[in-house]
Amino acid sequence: RRVRANAREYNEKFHCRALVACKSPSCPICPQSNCIKTSKYNIVTFLPVNLFEQFQEVANTYFLFLLILQLIPQISSLSWFTTIVPLVLVLTITAVKDATDDYVRLCPDHTWLSLYSLRQEQWMNVRVGDIIKLENNQFVQADLLLLSSSEPHGLCYIETAELDGWPCGEGKSQLSHTVHPGEVICEPPNNKLDKFGGTLYWKENKYPLSNQNMLLRGCVLRNTEWCFGLVIFAGPDTKLMQNSGRTKFKRTSIDRLMNTLVLWIFGFLVCMGVILAIGNAIWEHEVGVCFQIYLPWDEGVHSAFFSGFLSFWSYIIILNTVVPISLYVSVEVIRLGHSYFINWDKKMYCAKRRTPAEARTTTLNEELGQVEYIFSDKTGTLTQNIMVFSKCSVNGHSYGECQLPELRPEPVDFSFNPLADPRFQFWDPSLLEAVKLGDLHVHEFFRLLSLCHTVMSEEKSEGELLYKAQSPDEGALVTAARNFGFVFRSRTPKTITVHELGQAITYQLLAILDFNNIRKRMSVIVRSPEGKIRLYCKGADTILLERLHPINQDLSSITTDHLNEYAGEGLRTLVLAYRDLEESYYRDWSERLHRAGSAPEAREDHLARLYDEVEHDMMLLGATAIEDKLQQGVPETIAILTLANIKIWVLTGDKQETAVNIGYSCKMLTDDMTEIEPCAPSLLRKAREKMMDASRSVCNGFSYQEKLPSKLTSVLEAIAGEYALVINGHSLVRPGSARQDEALCLAVHHDPSCPLLFLQAHALEADMEVEFLETACACKAVICCRVTPLQKAQVVELVKKYKKAVTLAIGDGANDVSMIKTAHIGVGISGQEGIQAVLASDYSFSQFKFLQRLLLVHGRWSYLRMCKFLCYFFYKNFAFTMVHFWFGFFCGFSAQTVYDQYFITLYNIVYTSLPVLAMGVFDQDVPEQRSMEYPKLYEPGQLNLLFNKREFFICIAQGIYTSILMFFIPYGVFADATRDDGAQLADYQSFAVTVATSLVIVVSVQIGLDTGFWTAINHFFIWGSLAAYFAILFTMHSDGLFRMFPNQFRFVGNAQNTLAQPTVWLTIALTTVVCIVPVVAFRFLKLDLKPELSDTLVRKKQKTQHRCMRHAGRVGSRRSGYAFSHQEGFGELIMSGKNMRLSSLALSSFAPRPSSSWIETLRKKKGCEGSSAGSPSGAADKTLKV
Amino acid sequence: MEDTTSFLPREEAKPSRCPDNSAFKQQRLPAWKPQLTIASVLSTFFLTGAFCLTVGVCLVLAANSVREIQIDYSDKCSDCSKLRENSSNWNKECHCSVNFTLKEDILGDVFMYYGLQNFYQNHRRYVMSRSDAQLLGRNVNIQRSYCAPFSTYRNGTPMAPCGAIANSMFNDTIDLFYNRNSSVIQVPLLKTGNSWWTDKNVKFRNPELYNLSSAFAGTARPPYWQKPVYLLDEEDERNNGYVNDDFIVWMRVSAFATFRNLYRRVRRVRHFAQGLPAGNYTFQISYNFPVTRFKGRKHVILSTVVWSGGSNPFLGIAYLVSGTAAILTGFVITGIHLKLRKKKTYFQKH
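Chains A and B are the protein sequences, given in the same order.
Mapping to the UniProt record's numbering: the first sequence position 521 is 521, numbers consecutive.
Mapping to the UniProt record's numbering: the second sequence position 194 is 194, numbers consecutive.
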C-alpha cells in the first residue's frame, strides 16, 4: 500500500485501482474516505429500494403471490381488496418505520472536527495521505503516522482505553522534518492492533516504520498540545474498524421460532388445501355432475380433477389468513413500544451524565427476557476506573477503618497543607494526627510513597501540581502522600524533589528497579541529603513478606491480618518496605549492575538476579489498600442477576490480579472459591477430572447417587455452584508466546479442601473448545483476563455456538465493540467519552446497575408480552380461518367463504388487532418491584417456557376447537331455523353474520381473559373494537352503501334483520360460553395445581419481602489482595530523562479528567535514529554512568 | 493554527434529556388486574350453568309447543318427476295431489314452507351468480357480472333476471285444500309478506317505467323459467317482476344444502281464523321443479312458530348440555380445590 503525503489525486487513483484488484467486500466505493456510511436511503431511492427490500421478506412476497392468484377469476374466491388492503397497510407501516430509522441513523462522523492542512475540515472529508493536525483531547478518527508533536523529543501522549482497554506501552515516533513529498509504503489494512510495518521514503532516505509510530483510531490525544499526522488508513480500513467485527443482522430466537412456525403453518395450509381439493374433486365427480343443470361447470373446466385443482388455489386464497400477514408488523409495533418504554424509563436515567437509556435497535426486546450469559467488560463498566487510597496499615496499626456510615463523618481536613489535592478524601483523622505528632514510621511510610513511583509531575502555576501517572494506582498513592504532607514536587533523571511537611528536600535518585509481572514489585534507591542510601520497595504481599528481615516477624503477622482484612473487602493491596544500604555495598552492586546491563546475552536474567539480591532483608513499613471504585450498585446488580440464574463472565484486557480483585469486590468471587494460581499447560482434562473427583466427594457427601463417568457434563453442571474459573487468556490464539502472562491459564477455584489445580490450555483452539466451554460453564463465575477484543468476540461466539443460550455483552469502549456485535444482545455504556461501543450496541445506558432493570423488568415484560401476544395471535387466526375448512364440507368444497369479504378484510387489521397490541405493549403480570425482589421470576424466559412449540400447538388446538364450535353450533341451530315471524333465517348471509359476530365476541372475551393488566387503553381498545365491529357491520349493511355499489354490498339489511332475532343472540351466547368456559376451567386448574411463581406472587398481594444482600463479612481470607495495573519499562524512561520537559510550567492545556482512564505516558523513540537509543540496555548504561 | 477549534465536550445548555415522569411513560398507568380466584371462578361456573339450564328449559318447551307437518312429495308424483327429468318437456304441465290428515287442530299462524334437500345453494359459483344491480332495476351490462353462463342468450339478448340462482328458481305451485264433510275448501294463502322488509323494499326494485312489460323489453326470461319475470304475479302489481316475494325468498340463498323457504302463510279467515282445524287436507301440486337429477328431495311443510322460531330442538338441548357441564365442572373444581387446600394446610402444619 502506498500513501503519498498531501497528494490526493495520486492516492485516490492508486486506491481505486487497488480496489479493483482486491475487490474486498468490506471496502465501500471509495476506500480512503473517512466517512462510514450508515444510512441506506435518500429521498429519490426510498420508495423503490424500500419496496424492493420489503418484498425480499418471504411473507410479503407470499402475499403478493396471493394477490396475483386472486386476480384469476376462476379461482378468485375473495375480492382482491381482502389482501391488498392489509398488504398496503403493512407495507406502509414498515416503510414509515424504515424511513424514521434511517433518518435517525445519521453519519456519526459529522460531529468531529479537525484541522486539515491548517484548514478546518470534518473528519468525514479526511482522505488517506492527508496531513492533519490534532489538538489536545481530540479523538483520533483515522490511523495516523505521527510526524511531529509539541512535546520534547516528539513524544505524544495518548489514551488507549478505547482501543484495547489495558495500558500498553507503545512508543510514538517523531520524524524530525515535515515530509511533504514523502511516500509511505506499508502493509495492507488489517486488524492487528499491535503490529504495523512500513517504510517511509523521503529524499532518497528510507525510514522503517513500526507500530510505535502510529496513532490509531480510537485513541485520545492527551497532555500534548498538538501533533501532526499522516493519514495511513481511514474509514473502514482503520485497525479499529477492522477489529470491530462484521455487523450481523441480529434476530431473536422468537423470530426464528416464528419463522419456523410460519413455515409449518404454511405446510398446514397446503395440507388443508389438498384435502379440500380432493374433496372438491370427489364432490364434483359424485354430486356436482348431477347438479350441472343448475350450475354448469365453468368454461374450460371439463373434469372433476381440474375443478379440484382450481379449488386448491381458491382454498389457498381463502385460508391464507392462517399465515397472518399482520403478524410481523404487529410484532414490530410491539417491540417499538417496548423500546420506547426503555427510552422513557426514568429509573434508567443517569442524572449525573444526563443520559437516558436508549434502545438503539427495536428488534431484540423480548430476547432481553431470555438472557443466560452476560459478558461484561471490567474497566468503565464494572468499575469507574478511579483509584482511591482508602486504608493503610503502618507499623501494625490500621488506619482508615470505615466508621459507621450513618454517622456521616467529615472527611479529614487537609487545609494545613497548601499543596494538598482538594479532591482527595480520607475519613480517618488519626492518620493525620500520627503524621503531625511526628510518628517516624508514618513519615517513612509516606516518604516511600512519595519517592517510589514513576509518576511525572507538572506544576502549571505555583502550588498547582498535576500528576501524570502511568497507572491510576500509583496516582492514588502519590496523591495520598501529597495530602499527608509528603508532596512529590518534581523530578529530574537524577533527582526527586519532595516537600516533606513544608520543607523541600531533594533526594538523589540512584536507581529504579523497575516493575514487572514476575517481580511484582518495584524499588527505588535514593540518597538522602544526609548521604544515607536507602532502598524503598513496594510490591505484592506474597513476594515482599518473604523478603523481610527476620526481626519483622511480629509486625509481619499483624500486617498480614490487616492485609487479609483489606483483601476481604476487595481492596488492592501493596506492601511497603525499605532497606538501608551500605555505601560500599551499593557501589559494588551498582558496578555489577552496570556490567550485567552491558552483557551481550541473558541481560534480563542477570539484571533480575541483581535486583533480587538487593531487595532482601527489608524492613516492613506497612501496607496500602486502594479501592478500585466500582460503579454504583455493581455488587447488588451482580447478586441479583446471579439469583436470576444468569451467568456472568467478565472479559477484560486487564491483568489477572486486577481482574480477580474486581471479581471479589463485586462479589462475583467469594471465599468459597479460593486461591488463584498460575497454571501449567494443557491440563484442562485433568482439571475436569479433578473437578469430577471433587464433585463426587461433594455428591457423596450429600448422599446423591454416584454418577457414571460418561456423564461428565451433567455432573459438572450439577455441582456448578462450587467453582469459579479465572482464565488468563491473553493469547488464547497465540500459544507460542514466551511471556508467562501471555500464556493461557485456567485456574479452577473450588472449596479449600480440594487440591489446587494448575492448568493451561489453548482454549480457543478447536480441539479444546468444547472442554474449555464445559469446564467454564460448570463454574459459577468466569473471569477471562488479558483478552484482546477479538478474543472477547471468540469467547462469546463459543458460548453462542455450543450452548444455544442467549448471550448479552456489555461494555463501554471500542475494545468491546466486537463482543457487543457478536453477542445476541450488545449493551453499550453511554455517557462516557467514546461512543464506539454505543454505536455498535443494541441498547445503551450509562450505569451497569441499570442492566438489572433492563433485563429483569423490561426484558421480562417484553418476553411475557410477546409470548402472550403470539399465543393469542395464532389462536385468533386459527379460530377465524378454520371455520372455512369446516364449511367446505357443507358447500361442496367450493371455496365459499363463511364470512362477508369485508369482515375478512377487516378482521385482522381492525376488529382484533388493537386489543392484542394493547396487551402486547402494556401487559404486566407482577409489578416491577417484584421482578427485582424475586429474580427467579426471570427463569421462564431462560427456559423458553412461555412460547415454544408446545405452547404453539396448544394455541392452535384452542383455535381449532373454537372454530369447530363456531361453525357447528350455528350449523345445528340454522338447519331448520325460521324467524319468529316465520320468514327464513337459515340463509347464507344470516349465517355469515351470526358466525362473524360470535367470533368477534369470543376472541374479544378471550383477549379480556388474557389481558392481566387492564389500563384505560386496554379498555378503550377492547370495547372500541367491539363497538367498531358493530358500527362497521351496520354501515356495510346499510341501504346507502348498497344503493351506491349494489354488487359490492350485498348484505344490505342483514345486520338489522339477523341481529333482531333472539335465536341468533342465544346462539352467539352459547358459542361464547362453550368456547370460553373450558378455557377458564383449564386456566384455573393449572393455577391451582401447578402455580407459577408469578401467579403465587400475584395472589400473595401484600406480603412484604425483605431480601438481604449478602454482606461482605468475609473474615480469615487467605487470599492476596495484591493487584497493580502497572507496566514495565517506565523506570528506564525516567532514568534516561527522555520524557522530561524542558520547563514543566510551559505545558499548557493539560486538563485532567476524573473519569479519564489510563493516562499513558508513552516512551518515545527517535525513529530516525533507530530504536537502539530507547532500548533498556542503553537506558541502563546511562543511568549507571551518572 | 489560530483558528483552532477546541474539541472539549460542548457543555452548552442542552435541553434536559430526562424522561417525563408520566404514568404512561413509566408504565405505572392505573390498571384493573383481574385474577382467577376460586370465588370468581366458581360463581362464574354456577351462574353460567344456571343461566344455560334456564334458557335451555325455555327453549325446549318452546320448541315442543311448535306443531309441524312435513311431507316429502318428491316421489309422490312419480310420473311428474320422470317427466321433469327430460328438460325438453319444460312446458308440459304436470299435476299431482298429496293427501294428509291433521289429527289435531293447529292453532295460531300457520306457515307453509317448501323444503329442498341436497340442493347446494351455498356453492361458491352459485352464490356469486347474480347481479344485484340488475335486481335493483338498473340497466347494467350483465356481461360483466358473474351471471355466466346464465347472462345472455346466444343472440345477445340478456336474461332478466340473470344468473344461476334466478334461473334455478323453485317453480312448483302448491295449493292446500281442506276436505270438510266431502266439500273441498281451498285454504286461503297469503303470497306476500313472506320476505324480509329490507329485501322487498331496498334490495329488489323493478325498472321504473310506466309498465312492467315494457320495462323488461329487450330482455328474455331465464332458460328454465316458464314465464317471463314480469308475469310472475299478474294479479298484484306490487308482487310482480323482481319484487315478487317467491322470487325474493329464492334469491336469499340458503346456508346449507338442506333448507326450507317460506312459501305461503295461511290467511286466518272463516274456518281458518284459529289456524288449521283437524281433518283431511290435500296439497295440489303443480310439479315443475326437477330434483331427481341431482338426487334431491322436495318437501312441503306446515308449521307454527314461537318466539324462538321453528321447531328446531338443537339450541335448547345444547343449552341444557352446556349448563349441566358447567355446573358439574363447578363441583369438580370445588372438589379439587378443597382437596388441595387440605394438603397445603397439612404441609403447613408439619
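Keep in mind that the hints are not guaranteed to be accurate.
As the list claims (entries may be wrong) - Cut-off 20 Å, straight-line C-alpha distance, at most; resulting in silico cross-link-like pairs (DMTMM-like, lysine to aspartate or glutamate):
(1) A:Lys-780 to A:Glu-928
(2) B:Lys-227 to B:Glu-68
(3) B:Lys-33 to A:Glu-57
(4) B:Lys-25 to A:Glu-928
(5) B:Lys-343 to A:Glu-928
(6) B:Lys-33 to A:Asp-925
(7) A:Lys-629 to A:Glu-569
(8) B:Lys-191 to A:Asp-1095
(9) B:Lys-33 to A:Glu-928
(10) A:Lys-629 to A:Glu-591
(11) B:Lys-343 to A:Glu-1092
(12) B:Lys-33 to A:Asp-980
(13) B:Lys-33 to A:Glu-569
To be verified - FRET-style restraints, in silico, Cβ to Cβ:
(14) B:Pro-223 to A:Gln-1048: 25 to 31 Å
(15) B:Gln-186 to A:Phe-1045: 18 to 24 Å
(16) B:Asn-155 to A:Ala-95: 50 to 56 Å
(17) B:Arg-293 to A:Gly-1040: 39 to 45 Å
(18) B:Thr-173 to A:Gln-1048: 32 to 38 Å
(19) A:Leu-1009 to B:Gln-186: 38 to 44 Å
(20) B:Val-202 to A:Leu-257: 48 to 54 Å
(21) A:Gly-1040 to B:Thr-173: 47 to 53 Å
(22) A:Phe-1082 to B:Asn-99: 18 to 24 Å
As the list claims (entries may be wrong) - Some chain A residues near chain B, calculated using beta-carbon distances under 10 Å:
(23) Leu-466
(24) Trp-589
(25) Ser-590
(26) Val-857
(27) Phe-922
(28) Phe-952
(29) Phe-953
(30) Phe-974
(31) Arg-979
(32) Gln-984
(33) Thr-1015
(34) Asn-1018
(35) Leu-1059
Simulated from the structure, these hints should not be mistaken for laboratory data.
Every residue gets a Cβ at the ideal spot worked out from N, C-alpha and C, and that includes glycine.
The hints, checked one at a time:
1. A:Lys-780 to A:Glu-928: violated (27 Å)
2. B:Lys-227 to B:Glu-68: Given pair Lys-227 of chain B, Glu-68 of chain B is violated - Cα atoms ~33 Å apart, limit 20 Å.
3. B:Lys-33 to A:Glu-57: Violated, at roughly 38 Å.
4. B:Lys-25 to A:Glu-928: holds (14 Å)
5. B:Lys-343 to A:Glu-928: Not OK: Lys-343 of chain B and Glu-928 of chain A at ~32 Å, beyond 20 Å, violated.
6. B:Lys-33 to A:Asp-925: holds (9 Å)
7. A:Lys-629 to A:Glu-569: holds (12 Å)
8. B:Lys-191 to A:Asp-1095: violated (64 Å)
9. B:Lys-33 to A:Glu-928: Holds: Lys-33 of chain B and Glu-928 of chain A sit about 14 Å apart, inside 20 Å.
10. A:Lys-629 to A:Glu-591: Given pair Lys-629 of chain A, Glu-591 of chain A is violated - Cα atoms ~44 Å apart, limit 20 Å.
11. B:Lys-343 to A:Glu-1092: holds (18 Å)
12. B:Lys-33 to A:Asp-980: violated (42 Å)
13. B:Lys-33 to A:Glu-569: Violated, at about 45 Å.
14. B:Pro-223 to A:Gln-1048: 25 to 31 Å: holds (28 Å)
15. B:Gln-186 to A:Phe-1045: 18 to 24 Å: At roughly 45 Å between Cβ atoms, Phe-1045 of chain A and Gln-186 of chain B fall outside 18 to 24 Å, so the hint is violated.
16. B:Asn-155 to A:Ala-95: 50 to 56 Å: holds (53 Å)
17. B:Arg-293 to A:Gly-1040: 39 to 45 Å: holds (42 Å)
18. B:Thr-173 to A:Gln-1048: 32 to 38 Å: Holds, at about 35 Å.
19. A:Leu-1009 to B:Gln-186: 38 to 44 Å: The hint (38 to 44 Å, Cβ to Cβ) is violated, given that Leu-1009 of chain A and Gln-186 of chain B are roughly 59 Å apart.
20. B:Val-202 to A:Leu-257: 48 to 54 Å: holds (51 Å)
21. A:Gly-1040 to B:Thr-173: 47 to 53 Å: Roughly 37 Å apart at Cβ, these two residues miss the hinted range, so it is violated.
22. A:Phe-1082 to B:Asn-99: 18 to 24 Å: violated (57 Å)
23. Leu-466: violated (17 Å)
24. Trp-589: violated (49 Å)
25. Ser-590: It is violated, given that the least Cβ distance between Ser-590 of chain A and chain B is near 47 Å, above 10 Å.
26. Val-857: Where the cut-off is 10 Å and the nearest Cβ of chain B is about 9 Å from Val-857 of chain A, the hint holds.
27. Phe-922: Since the shortest Cβ distance to chain B is 7 Å, the answer is holds.
28. Phe-952: Since chain B brings no Cβ nearer than about 23 Å to Phe-952 of chain A, farther than 10 Å, the hint is violated.
29. Phe-953: Given a least distance of 23 Å, the restraint on Phe-953 of chain A is violated.
30. Phe-974: holds (6 Å)
31. Arg-979: holds (6 Å)
32. Gln-984: holds (5 Å)
33. Thr-1015: Holds - the Cβ of Thr-1015 of chain A comes within 10 Å of chain B, reaching about 4 Å at its closest.
34. Asn-1018: holds (8 Å)
35. Leu-1059: Interface hint status for Leu-1059 of chain A: violated (13 Å vs cutoff 10 Å).
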